[in-house]
Amino acid sequence: MSTSTGPVIEAFGLRKLYEGRVAIDNLTLEVHRGEVFGFLGPNGGGKTTSVKMLLGLVAPTKGTARVLGAPIGNVQARAKLGFLPEHFRYHEWLTGREMLRFHGRLYQMPARLLNARIDELLTRVDLLDAADRKIREYSKGMMQRVGLAQALLNGPDLVFLDEPTSGLDPLGRLLVRNVIGELRQQGTTVFLNSHLLSEVEISCDRVAFVKGGQIVREVAWREQSPILEVEIQMKPINSALLKSLDVFGSDIFSNNGMVRLRVPDEEVLPLMTRWLVNQGVMVYQIRASRKSLETMFLEVMGQDHRPG
Amino acid sequence: MRGILTMVHLTLQEARRRRLLLSALIFGLAFLSLFATGFHFIHRDLMAHEVLPFQRKLILSSVMMAGFYAVNFLMVMTAVLVPLDTLSGEISSGVIQTVAAKPLHRFEIILGKWIGFSLILALYLGLMAGGLVLVGKVVGGVTLLRIGTGVSLMGLEGTLLLTLSIAGGTRLTTIANGVTVLGLYGLAFIGGWMEQIGTLLGNTTTRYVGIVASLFVPSESLWQLAAYHMQPPLMRDLNLTPFSPASVPSGYMILWAIGYTLAVLSWALWQFHKRNL
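Here the protein sequences come in this chain order: A and B.
Residues 24 to 331 (this note's numbering) are what the first sequence spells out, left to right.
Residues 30 to 306 (this note's numbering) are what the second sequence spells out, left to right.
Just so you know, the hints here were simulated from the structure itself, not pulled from any lab data.
Treat the numbers as computed from the prediction; the structure is a model and nothing was measured.
Be aware that one or more of the hints could be misleading.
Calculated pairs, BS3-like style, for lysine-lysine (alpha carbon to alpha carbon, straight line, at most 30 Å) [stated by the list, open to error]: (1) A/K234 with A/K314; (2) B/K166 with A/K234; (3) A/K266 with A/K163; (4) A/K85 with A/K234; (5) B/K303 with A/K85; (6) A/K234 with A/K266.
Here are some chain A residues the structure puts well away from chain B; computed CB gaps all over 10 Å [said to hold, decoys possible]: (7) K75; (8) E121; (9) Q173; (10) R240; (11) D274; (12) M324.
Stretch by stretch, here's where chain B covers chain A in the computed footprint (C-beta under 8 Å, at least three residues) [unchecked claim]: (13) 62–69; (14) 258–265.
All C-beta atoms, glycine included, are put in the ideal place defined by N, C-alpha and C.
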């Protein structure tokens, strides 16, 4: 089983073909204990297939992975996993409470502990008053919330949430966001599959972008913070000056009296301004803005990407 | 092991919650009431016409066999149709994903469902066969022979078809599975009749074709064997009714059917183990 400090997910070159079509290719990643990991990509990009492979629901065509220190599909490891699927469907002839009791029994939870946990989670997802109604009478949002409770029944070390807010209204989304925050505080690792960038932006420590069945970029979102983009209106601009600016940032570009570059954080701005003034440059305007995840997503996906 | 028990419990809970057991009970009682009514009037007429006791017993036994034939058919339909959707439906809807992601082996899911549905089928067969025996005894004072053996063979027939239905659900859609399993039952049914007719006409080729069909799906042979054991010797030896087999399936057919059921169940476990969910 996993150590307390090692990665909870290690995937090496996972590949899945469905009738010759590549769903995911060469998936290599590490997810560390206690982090909220965002898995981003367009619909049909292979996100759900990746989660299913890591859960042992789908056999990889190639590659290996370890989840909680055990090979994928290991039954003992699954005792510490939680999973909310994208298409959350349950035995709809059961009540919400009965459904949770059934899943708790599959985790082999003792009855008393299970009953207490069910009440606690139903309260957390605001479904205690609907606990004894049949699931077929639930709205989509209620189904998703009871599904979230199901995913957390066993107090998992690692929980996979596949599009956990797709059926929720703004209040429901806030609830999920808060639950993810609580999980992070408890040290639970969260693997969040989503194409709702705002959710990922708020919740995740690290994100990976999936395109065409491959991870094309990984960003330590919370640690590094999104990159700061700076626009400086100044005069004069020459090639020597532009070259010298690379001590402050990267991706330097000049056009029509405007210089654009990327800097690591706000602390660079006064230093850079002072340096420019000392070089005899007239600085008329400095504008700094953080690059949103959406901008990054569009950049990564490129112009050729079609709406999903 | 606890995973299997949890799945058995869920299967029984589903049968109860979806009113399967209630429907079976209501229509089972309706069937038995109708049978008892018919049986009563036949018995009354036989008593009124001063038929010899052995003739009366033969006629009432024939009616009892007709009742068992109907029960066998109902049980076959129950065995095929009730578990038809249990895997294919849960796979296509995605319900199975959260179950299979839990700490249990996939074989526990299949075995739990198989045991659960087998218990439901046994309950149904017990109710219907027990009801028929009770009607025969109380209304007409007649009892068939070796009821336990006959009903056990019918139970094996039902279990075999139920196993086919569950196994089909691991690979096929619900509709395709239903068509396939009923098609297999149809092959067995016509094969069984070809064997009987071929024997009566002395046509060896037809008889062997029937036997091959019975080996392919041995369900009908089990019914023929059950019918052979349950009816009075005079009735079966003289081929007095359609339920008197002219060609009695070998006792080895029971071993074949048990092996066949276990092989199909093993195939289902393997298919479900390796399939993507």
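A quick look at each hint next to the structure:
{"no.": "1", "hint": "A/K234 with A/K314", "verdict": "20 Å, holds"}
{"no.": "2", "hint": "B/K166 with A/K234", "verdict": "74 Å, violated"}
{"no.": "3", "hint": "A/K266 with A/K163", "verdict": "56 Å, violated"}
{"no.": "4", "hint": "A/K85 with A/K234", "verdict": "19 Å, holds"}
{"no.": "5", "hint": "B/K303 with A/K85", "verdict": "15 Å, holds"}
{"no.": "6", "hint": "A/K234 with A/K266", "verdict": "33 Å, violated"}
{"no.": "7", "hint": "K75", "verdict": "7 Å, violated"}
{"no.": "8", "hint": "E121", "verdict": "8 Å, violated"}
{"no.": "9", "hint": "Q173", "verdict": "6 Å, violated"}
{"no.": "10", "hint": "R240", "verdict": "28 Å, holds"}
{"no.": "11", "hint": "D274", "verdict": "42 Å, holds"}
{"no.": "12", "hint": "M324", "verdict": "27 Å, holds"}
{"no.": "13", "hint": "62–69", "verdict": "violated (count 0)"}
{"no.": "14", "hint": "258–265", "verdict": "violated (count 0)"}
In this structure, the earlier hints numbered 2, 3, 6, 7, 8, 9, 13 and 14 are contradicted, and the remaining ones agree with it.
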